[in-house]
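Undergrad: Spelled out, the chains give:
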Amino acid sequence: MLWLRTWRLGIKSLLLHPMRTALTVLGIFIGVASVIWLLAIGEGISREAQRQIEGLGADNIMIRSVKPLNPPEASASAFILPYGLLREDYALLVETIPTIKSALPIREMRRMVRYADNTIECRVVGCTPEYAEVTRLSIERGHFITDAEVKVMQNHCVLASQVVERLFPYEDPLGRRVYFQDQKDYYTVVGICRDRAPTAAIGGSLDAQDFSNDVYIPISTMRKRIGDTIVMSSGGSREGETVELNQITLRIDSINNVQRTAELVEETLLKNHGKIKDTAVIVPLELLEQAKRTKMMFMVFMGLIAAISLLVGGIGIMNIMLATVTERTREIGVRRALGARRADIVRQFLVETIAMSVLGGLVGVGVGLLCPPVIDGARLIVKRVAPDMIAGLPDVVRDVTPIIVPASIPLAFCISVVIGVMFGLYPAYRAAQMDPIEALRHE
Amino acid sequence: MKLAAKLENLTKHYVLKSETVRALRGVSFDVPEGDYVAIMGPSGSGKSTLLNLLGCLDRPTSGAMYLGDANVAKMNDNQLSYTRATRIGFVFQSYNLIQQLTVVENIEVPLYYQGRLSKSDRARCLELAEMVGLKDRLGHRPAQLSGGQQQRVAIARSLVNDPYFVLADEPTGNLDSVTTDEILRLFENLNQLGKTIILVTHEDEVSAHAKRVIRLRDGLVQTDELTKNRIVLN
Ligand SMILES: Nc1ncnc2c1ncn2[C@@H]1O[C@H](COP(=O)(O)OP(=O)(O)O)[C@@H](O)[C@H]1O
Ligand SMILES: [Mg+2]
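Quick mapping for you: the protein sequence lines, in order, are chains A and B. The first sequence begins at 1 in our numbering and counts up by one. The second sequence begins at 1001 in our numbering and counts up by one.
Honestly, the hints are just simulated from the structure, not real lab data. A virtual CB, placed ideally from N, CA and C, is assigned to each residue, including glycine. Incorrect hints may appear among the rest.
[Stated by the list, open to error] Selected chain B positions facing chain A (in silico; Cβ < 7 Å):
no. : residue
1   : L1057
2   : Y1113
3   : S1177
[To be verified] Chain A residues, not near chain B, derived (Cβ > 12 Å throughout):
no. : residue
4   : S13
5   : V66
6   : L86
7   : K151
8   : D210
9   : N213
10  : L288
11  : R336
12  : I381
13  : Y426
Full structure from sequences and hints, please.
TA: Here it is, written out as C-alpha cells:
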C-alpha cells in the first residue's frame, strides 16, 4: 500500500516535467532497443552465414580449379591455357587417401541453352549421381542423373527451377529436348529440381553458390560431347582454356578426419601441380568455425556499442536526477521535517529513476521486438525507392532477417533497471545527505 | 500538569573556522500541554536555532530536551525523524506544501512517513481539511490555492499526526492582515481545543494572541511572561 504510494508519488513527480522525463526515458529506450536490435541483426547474419556454410556440408572438402594469376611462360604463347584439377588428381586422391568416403568430380561451364523461342545462359554442370546428395539437391519430378546414364554417356539433363521457369513457361519440360547452341546438340529433360536457397560463397567469388540456374548432365557426356577446352572469341582474338575438372568434392568418413585429410590433399596437389597455384582447397568446417569466431567478435562489438548507448542513457538519468534533487531541495527539507528518514528520501528518488529506466526498458523492449518487421519494411521501401543501392549491398546484408535472441529481452530490461539504480543511487544519496535545516532554507 | 516539552539548560554552539558562535547559551523552560507560546526576540537572538531544536531537526550541543519521556538530545537521525513524524507538527512561513500532491495528499504526508495510512487515517485527513475550511478543495494542487488557503492546508497537515505541539515559524509572515487574522483565529480555536502551539514571530500583533511570550536575547531567555489572554481564558 505504502509502496504503491511511493510509486504513485514518483510518477507524479516525474510528470511535473513531462518533457524532461520523456527525454531521459528516450536515452534509456534507445540503449535498450539497440541492444535488442544489434543482437537480433547479429544473430540473423550469423545464422544465415552458418546455414550457408552448413549447406556445403561440414564433412566435405571442396577442391576447386583456380585460374592461375601468372600463367607459366610455356603456355603464354599458346592461346589455350590449360590449368586446374586433372582427372589424374581425382584418381590419385581417391586411391591414396583412405579417409575419403567418396569423391565427386564436377565440371561446369556456361552455355547457351534453348527451348522453342527461349534461349538463356545456364551453368551446365557435368556430374555424377552423388552430386545431388552432396549438394543437397532435391528432385521435384523425374530423377537425377543416374549411374547408367553416366556409363552410356546419355544426352540427358536435369533442370534447376529457374531454368524450368524461363525455358518452359507453359509446358511440362519432362521428356522434352533442350538445345545446346554451341554444340548443336539435344538433351532430353529427365528431372526437375526443387527450388533451393544459395549456399556460402566458395572459390573466392563474393556471391554465394546459386543453384537455381543450373543444368545437370552426366560428366561423361560432357567430356565426350563438349570436351575440356572452351574457346571464347572476343574482338577478333580467340582465347581459351582447358580444364578437366572444376571441382572435386570429397566426403570424409568422419568430421574428426576433415582437418587432417585437407592437409593431405593439399600436399598431394602440391606434388602434382608444382609451383603453379591453380587449385584451392575449401574446408567448410573451417569456414564454420571461422564464422563462429566472427560472430563472437561481432556480438562483442555490438554489445560494446549497446553498452555505450546504455551508459550514455544512464548518465542522462544521473544528470537529470542531480538537477531534480537540487531543484527539489526545499521539498526534501519539508519531507525530512515531516518525518522522512534518509532511507525514505533515497527510496523516493530511486523510485523515480527506476520508473524512468523501467519505462525506457519496456518501450525499448517493445521497439526491439519490432526489429524484424521494421527491417523487412525498410528493405521493401529501399528496394522500391533505390533498387540500385540495394543491389550493391553484399547479400548477407541485403537479405538479413533479424532473429530476436530471446535472452536479449530480459537482459536488456535488467540492464536498464540496473543502470537506473546505479545512476540513480548517487543523486538519491546526495538528496538524503542534505541537512534538513539547510534544505528548508533553500530558495 | 502534563508537559508537551521540557527544556533543560539547552545550549547550541556553531563551530566555525574562526570562532564558535554560541547561538543558545542555556535555555530552560517547560511547555505544558495546551499552552500557546510565542517566541520573540531581535534578529540573531537564537529564535530559529531554538525552533530547530524544538522541531527535532537538530541536536543541542548540551542540555536536555524531553518530549514525553524521551530525551531528544540523545537521539540518532532515524529516531529524530520518527519523533518528527509522530510528535511534532510543522507550520512554515512559506507554507511548504508539496507541489505535486493534492490538498488531501499533502495532509497525509506525515502519516505516510509513520508507515501507516489506514481508512480511519484517511477519514481523519478529511475531517482536518473540513476543520480548516477546505472541504471543497480536496483535489486541488497547492498552486491553485491562495496563500491563506495553503497555510490552512499546512495547519491541517501539522495536526494529522496528533502531535505534542505545533511549531509555527512566522506563520503569518507572508499573509495580508485579513488572512493573518483568520489564521491567528484558527490557531486560537485549535488552542481552545487543547492543542499546544509554539510559534516564532517578531510581530506584537501576533504574539498578542498567545498565552505566553518568551523573549530571547543573545541566546538566553530574557523574559518569560504570561499575557492577559491567559488570564482572560483561564
Ligand atoms: N548554521 C549556522 N552556522 C553558524 N552560525 C549560525 C548558524 N545558524 C545560526 N547561526 C548563528 O547563531 C545565532 C542565532 O541565529 P538564529 O537562531 O538564526 O537567530 P534568529 O532566528 O533569532 O535571528 C546568529 O548569530 C547566527 O549567525
Ligand atoms: Mg531566524
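Undergrad: Look at each hint and say if it fits the structure.
TA: Against the structure, the hints:
1. A least Cβ separation of about 5 Å between B:L1057 and chain A falls short of the 7 Å threshold, and the interface hint therefore holds.
2. With its C-beta approaching chain A no nearer than about 4 Å, B:Y1113 sits inside the 7 Å limit, and its interface hint holds.
3. Given hint, B:S1177 at the interface with chain A, is violated; its Cβ is 25 Å from that chain's nearest Cβ, farther than 7 Å.
4. Interface exclusion of A:S13 from chain B breaks down, the closest Cβ pair being 5 Å apart, not more than 12 Å.
5. Residue placement check: A:V66 keeps its beta carbon more than 12 Å from all beta carbons of chain B (closest about 74 Å).
6. At roughly 86 Å from the closest C-beta of chain B, the C-beta of A:L86 stays outside 12 Å, upholding its exclusion from the interface.
7. The non-interface label for A:K151 is consistent with chain B: the shortest C-beta to C-beta separation is roughly 90 Å, beyond 12 Å.
8. Its beta-carbon lying about 64 Å from the closest one in chain B, A:D210 satisfies the requirement of being farther than 12 Å from that chain.
9. Non-interface call for A:N213 relative to chain B: holds, since the shortest CB-CB distance, roughly 69 Å, exceeds 12 Å.
10. Listed as outside the interface, A:L288 is consistent with that label: its C-beta sits roughly 59 Å from the nearest C-beta of chain B, beyond the 12 Å cut-off.
11. Listed as outside the interface, A:R336 is inconsistent with that label: its C-beta sits roughly 7 Å from the nearest C-beta of chain B, within the 12 Å cut-off.
12. The beta carbon of A:I381 is kept farther than 12 Å from every beta carbon of chain B, the shortest such distance being approximately 44 Å.
13. No Cβ of chain B approaches the Cβ of A:Y426 within 12 Å, the least distance being about 20 Å, so the stated non-interface status holds.
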